[in-house]
Every structure is written in structure tokens, then in C-alpha cells.
Amino acid sequence: MAMLNVKDLRVNYGVIPALKGISFEVNEGEVIALIGANGAGKTTILHTVTGLVEAVSGTIEFEGTDITKVPAHKIVAMGMAHVPEGRRVFPDMTVYQNLMLGAYTRKDAAEKQQTLESVYDHFPRLKERAKQQAGTLSGGEQQMLAMGRALMSKPKLLLMDEPSMGLSPILVSEIFTIIEEVSREGTTVLLVEQNARKALSIADRAYVLETGSITLTGSAKELLSNDNIRKAYLGEA
Amino acid sequence: MVSFINYLINGLSLGSIYAIIAIGYTMVYGIAKMLNFAHGDVIMVGAYIAFSVITTAHLPVACGVLAAIFGCMLIGICIEKIAYKPLRHAGSSLAVLITAIGVSYFLQNVALLIFSSNPKMFTPIIPMTMMTIQFGVFRVQTISLVSITVSIVLVLLLQLFINKTRPGQAMLACAQDRGAASLMGISVNGTISLTFAIGSAMAGIAGVLLCSAYPTLSPYTGAMPGIKAFVAAVFGGIGSIPGAMIGGLLLGVIEIMGKTYISSQLSDAIVFAVLIIVLLVRPTGLLGKKVQEKV
Numbered sequence: 019m020a021m022l023n024v025k026d027l028r029v030n031y032g033v034i035p036a037l038k039g040i041s042f043e044v045n046e047g048e049v050i051a052l053i054g055a056n057g058a059g060k061t062t063i064l065h066t067v068t069g070l071v072e073a074v075s076g077t078i079e080f081e082g083t084d085i086t087k088v089p090a091h092k093i094v095a096m097g098m099a100h101v102p103e104g105r106r107v108f109p110d111m112t113v114y115q116n117l118m119l120g121a122y123t124r125k126d127a128a129e130k131q132q133t134l135e136s137v138y139d140h141f142p143r144l145k146e147r148a149k150q151q152a153g154t155l156s157g158g159e160q161q162m163l164a165m166g167r168a169l170m171s172k173p174k175l176l177l178m179d180e181p182s183m184g185l186s187p188i189l190v191s192e193i194f195t196i197i198e199e200v201s202r203e204g205t206t207v208l209l210v211e212q213n214a215r216k217a218l219s220i221a222d223r224a225y226v227l228e229t230g231s232i233t234l235t236g237s238a239k240e241l242l243s244n245d246n247i248r249k250a251y252l253g254e255a
Numbered sequence: 142m143v144s145f146i147n148y149l150i151n152g153l154s155l156g157s158i159y160a161i162i163a164i165g166y167t168m169v170y171g172i173a174k175m176l177n178f179a180h181g182d183v184i185m186v187g188a189y190i191a192f193s194v195i196t197t198a199h200l201p202v203a204c205g206v207l208a209a210i211f212g213c214m215l216i217g218i219c220i221e222k223i224a225y226k227p228l229r230h231a232g233s234s235l236a237v238l239i240t241a242i243g244v245s246y247f248l249q250n251v252a253l254l255i256f257s258s259n260p261k262m263f264t265p266i267i268p269m270t271m272m273t274i275q276f277g278v279f280r281v282q283t284i285s286l287v288s289i290t291v292s293i294v295l296v297l298l299l300q301l302f303i304n305k306t307r308p309g310q311a312m313l314a315c316a317q318d319r320g321a322a323s324l325m326g327i328s329v330n331g332t333i334s335l336t337f338a339i340g341s342a343m344a345g346i347a348g349v350l351l352c353s354a355y356p357t358l359s360p361y362t363g364a365m366p367g368i369k370a371f372v373a374a375v376f377g378g379i380g381s382i383p384g385a386m387i388g389g390l391l392l393g394v395i396e397i398m399g400k401t402y403i404s405s406q407l408s409d410a411i412v413f414a415v416l417i418i419v420l421l422v423r424p425t426g427l428l429g430k431k432v433q434e435k436v
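These protein sequence lines map, in sequence, to chains A and B.
For the first sequence, our numbering begins at 19 and goes up steadily by one.
For the second sequence, our numbering begins at 142 and goes up steadily by one.
Just so you know, not all the hints are guaranteed correct.
[Stated by the list, open to error] According to the in silico footprint, chain A covers these stretches of chain B (three or more CB under 8 angstroms from chain A):
id : segment
1  : 308 to 315
2  : 319 to 333
[Unchecked claim] Result set (DSS-like, lysine-lysine): computed pairs, CA atoms no more than 25 angstroms apart in a straight line:
id : chain 1 : residue 1 : chain 2 : residue 2
3  : B       : 430       : B       : 174
4  : A       : 172       : A       : 145
5  : A       : 145       : A       : 92
6  : A       : 145       : B       : 305
7  : B       : 305       : A       : 125
8  : B       : 305       : A       : 92
9  : B       : 305       : A       : 87
10 : A       : 149       : B       : 430
11 : A       : 172       : B       : 305
12 : A       : 87        : B       : 430
13 : A       : 87        : A       : 130
14 : B       : 305       : A       : 130
15 : A       : 92        : B       : 430
16 : A       : 92        : B       : 226
17 : B       : 226       : A       : 149
18 : B       : 430       : B       : 305
19 : A       : 87        : B       : 222
For the record, the hints were derived by calculation from the structure and aren't laboratory data.
For clarity, every value in this text was computed on a predicted model and none was experimentally measured.
All C-beta atoms, glycine included, are put in the ideal place defined by N, C-alpha and C.
If we strip away everything but chain A, and leave its shape as in the complex, we get (with noise of 0.2 angstroms):
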């Protein structure tokens, strides 16, 4: 049974609708890829999947649950985190005080303490201005904050919305190797990218998505290999 299961999900935003029946699923331990581009409504899938926003009809079962009707604030206590598109780390507190936010429904001091020192194995730079705003981080150094503050929850399925957005290459790289290794310990990932070349590079399977309908879906080498998707979404003739 797959991990998390979505089945014809529609969702409007006032009378536009922005997911005109989208179905798909994660199965524990993949890494998924949704791509596409600007506005086909990838961002909504992981809003209405962590209760952000909610569905006209469809279902979404989070390990065998529906959880189409929970909202936003109890699915992190079921196991799944979310890294919004943007970071939206909180501006004027610390980044060990995000850090902390992100483990907010756990109550084990002793078990937080260690998930505190795995992330801070991932993201270094977090441990060094752990007293500092995180309003002052730069955006790749924002985009650990968030990674580390969903990972505080010790979720079971990763969301992440376009983690590349406004970085170097370099940083882009950086923070893909870490989803790969946060892949590597165990943890689902259902990523959202624009940058459909790093996602593909990574994921397992990939949905491509097309003004809130999925038009192709396939293994991520297939998908690589697939004309139309070179075409369109990796910049080539």
C-alpha cells in the first residue's frame, strides 16, 4: 500500500479551478518528483495534501488514514513535514528557536536534543549561527533553516517546495545532496521543482503536471530520456 495516496483531487481557488483531478502516490521510501511549470499547480498539491488549503472533492490517505479533512496542524503529528515554497523560516527568532518550532507537537527533551544533533550533522552552518535572527541568514543558509525545522519533526514523508528557488548552482547542489542523504536514512521525499533536471536526478518517479491536470508519468530516467520533456522542461532543441 503506498505511504501517501492521492485520489482525484480537485481543488478551486474562488471559481478557478487549479487541480482538475489529480491522482498519484508516494510509496515509503521513493523519492518523488512533481515538476512543471509556473502556476500548473504543483505548490497546491502539497498545500492541499498538508491542509493549507482544502479540496472541492477527492481523497488524500496519509498510511491508510484520510486525512483530506485534517488540518494543517495535525499533520506534522502524523508524519509528514512540509518545507513551504519561500523557506517562510520565522524572521525574528533564532534559528535554533525555528529549530525548536519544528519539533513543537514532540514532548521527549532527551530524543529532540538528538534529532538536534543529526540536523545539525547535515547543516553545520546551522549549528555555527544557531544564536543568530534567522531574518538575517542568506536564502541558501534560509532554505537549511526550513529543511532542518521540518526534519526536527523526524517526519516520515518529506514535502518540499521548490528548495532550489533564488539559489547559486552551488547551493542548489549542495542542498540536493542532503535531500539525498535524508533519503538515504529513511525518510520519503515528495519534491516540487521547477528545476526539473536536479529533481529528475534525484527522484525515483515523476509526475509532470500540466495546468492542474498530470499529463506523464514515469520512472525519472525514462522521463529523462522522454523527447517532449527535454523539450519543454530541460531546455533542450
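Given chain A's structure and the hints, the job is docking chain B onto it.
Coordinates of chain B only, in the frame set by chain A:
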């Protein structure tokens, strides 16, 4: 000189009451992103609760103070749940603002219905024999010292609560980004309720202090201090708790000094003139953050 220092203490005392009210305003604004214009009337409700318990029911002062605090807390939570929460997703801050004005009139009229428009003499919480304290050449009203001390203690406790506790961190997170806060597992509705509870409890305390210093209590008692405290919150930088504290104290001092040395009729005009000048120079208030956009 002696009288100047006495006026200064009176100003700080009135200012500390404004500060306690202003902190409630500023917290609600920071977290719920709304101006709760009924906040001033919660002060009046608190004072009437204390009046009923102490003067009418002849119970000890402590009971009256506690009843005012918890009564206001409950009323604050109910106001938010019944009047403001249904409008939270309406997308119009104007609707909430008008509702808040409506709640303000509602509270005043309920008080009018129960207690009539005749002012009541509030029994000060300080016993008659201890009304003033003599420090050498200074004779200070005890309630002034109590007000100043209470406001300092409240601000320190609040800072501790916000920076060191889990619900406090949740409040900070909601103030900065509600969506991201809910992704952390924080219940935004719960946090807003908590904010109203704390702000209203402080309004209850302010009501008791205010009516102990100025003992006539009417259904309109809270209106003017409410507006002054709003001014204090804007003055200090709305959303900032230390700003509300400083704004409140300054406002109290300016008001009393203006009354004493310039004109007692013009004192309110002076207070608002100072606000306008401060806002012209620093549009975000004394401690308000500059709005910066990151590209």
C-alpha cells in the same frame, strides 16, 4: 521640585495602567492582526466585576481582583470566538474592525442595563489607612506604587512566558507567519484564544488599578483609557510589547505634565499632538520595526 517629582510619579502610575492596557492591544494586533476596539470596555467589565464582588457582596479584595482577572479572561475568549473568529477568513479587516466597535457598544450597553448610568463609587483596593506613603518630603499614593510595580512585574512575566515557554513560542510564530506556524503543528485558533485570554486578563487588572486610582465607575469608564492605550501602543510601535510599555508610560507622563504645566482642558489634545508628531517622524512608532522587503 518636590511637586514635580510627585507629578512624575502620578504620570508614571497612570502610564503604567495605560501600558498594561496597551500590551493587550498590541498582543492581539501582533497575533490576530486586528485592532480590538472593545479592549477598553473589557477594562470596564473587569472593574464592574471587582465592584460587585468587593463592594456589593462584601467579599475580600483578593476575591474581587481574581474574579475580575478570570471574568475578563472568559469574556475575552468568548468575544473572540463569537464575534471575531467567524470573520477571520472573510478577507476583510474592515469587517472585523466594525465588529470590534459593535462589541464595544454591546459591552457598554450591557453594563448600562445591569448597573444603570449612575456612576458607582469604586472601593479602592488599598485600605483607607494605607492610602499614602511618606518618603521623607515625598508623599506618594500607595496605588501609584502598586500600579507601577504591577505593570513592571507583568511585563517581565510576559517576556519570560513568550521567550521561554512552548505556548509563548507558538504565539511568536503565529505573529510572524500563521501558515508556517500551523505547519509546525501549532493550532492558530488556540493561540489566538490564548492571546485574547492573556490580553483580557491584563485588562481586568488594569480595570481594578484604574478604578482604585480614579474611583468613579460608569459604563463608559473604559472607553477613553482604551483609546489612550491604543495611542500608547501605536506610539511605542504596534506589535511590540516593550514598545507598548514605553508608549504607555510616556503617554501617562505627558498627560499629567500637560495637565499640570500647560492646561488641564488641553491635556488630551496634547497627548494626541505628541502622537501625531511621533508618527510624522517615525511612522512605525518608537520601537516599531521598519517594514523591509527582501528581494
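Structure-based check of each hint:
Proximity of the segment 308 to 315 of chain B to chain A, defined as three or more residues with a beta carbon under 8 angstroms from a beta carbon of that chain, is established by the 4 residues found. Only residues whose C-beta sits within less than 8 angstroms of a C-beta in chain A count toward coverage, and the segment 319 to 333 of chain B has 10 of them, enough to reach three; the restraint holds. As the CA atoms of residue 430 of chain B and residue 174 of chain B are separated by approximately 15 angstroms, the hinted pair is consistent with the 25 angstroms bound. For the suggested pair residue 172 of chain A and residue 145 of chain A, the alpha carbons sit about 18 angstroms apart, so the restraint of at most 25 angstroms is met.
Annotation: proposed proximity of residue 145 of chain A to residue 92 of chain A is violated, straight-line Cα distance about 28 angstroms (limit 25 angstroms). Under the criterion of a C-alpha separation no larger than 25 angstroms, the hint pairing residue 145 of chain A with residue 305 of chain B is consistent with the structure, at around 20 angstroms. Of the pairs offered as hints, the one joining residue 305 of chain B and residue 125 of chain A holds, with about 15 angstroms between alpha carbons and a cut-off of 25 angstroms not exceeded. For the hint linking residue 305 of chain B to residue 92 of chain A, the alpha-carbon distance of about 23 angstroms falls within 25 angstroms, and the restraint holds.
Proximity of residue 305 of chain B to residue 87 of chain A is assessed by CA-CA distance (about 33 angstroms); at most 25 angstroms being required, the pair is judged violated. Restraint check for residue 149 of chain A and residue 430 of chain B: satisfied, since their Cα atoms lie roughly 20 angstroms apart, inside the 25 angstroms limit. Between residue 172 of chain A and residue 305 of chain B, the direct Cα distance comes to roughly 23 angstroms. Compliance with the 25 angstroms bound is thereby established for this hinted pair. Distance restraint check for residue 87 of chain A and residue 430 of chain B: the Cα-Cα separation of roughly 37 angstroms exceeds the 25 angstroms cut-off, and the hinted pair is therefore not satisfied.
Only pairs whose Cα atoms come within 25 angstroms are accepted, and residue 87 of chain A paired with residue 130 of chain A is rejected, the gap being roughly 29 angstroms. Taken as a hint, the residue 305 of chain B and residue 130 of chain A pair is honoured in the structure, with Cα atoms around 16 angstroms apart against an allowance of 25 angstroms. For the hint linking residue 92 of chain A to residue 430 of chain B, the alpha-carbon distance of about 32 angstroms lies beyond 25 angstroms, and the restraint is violated. Among the hinted pairs, residue 92 of chain A with residue 226 of chain B is consistent with the structure: their alpha-carbon atoms are about 19 angstroms apart, no more than 25 angstroms.
Our distance criterion of 25 angstroms between C-alpha atoms is broken by residue 226 of chain B and residue 149 of chain A, whose separation comes to about 36 angstroms. Under the criterion of a C-alpha separation no larger than 25 angstroms, the hint pairing residue 430 of chain B with residue 305 of chain B is consistent with the structure, at around 22 angstroms. This hinted pair checks out: residue 87 of chain A and residue 222 of chain B have alpha carbons roughly 21 angstroms apart, not beyond 25 angstroms.
Violated hints, in rising order: 5, 9, 12, 13, 15 and 17; the structure is consistent with all others.
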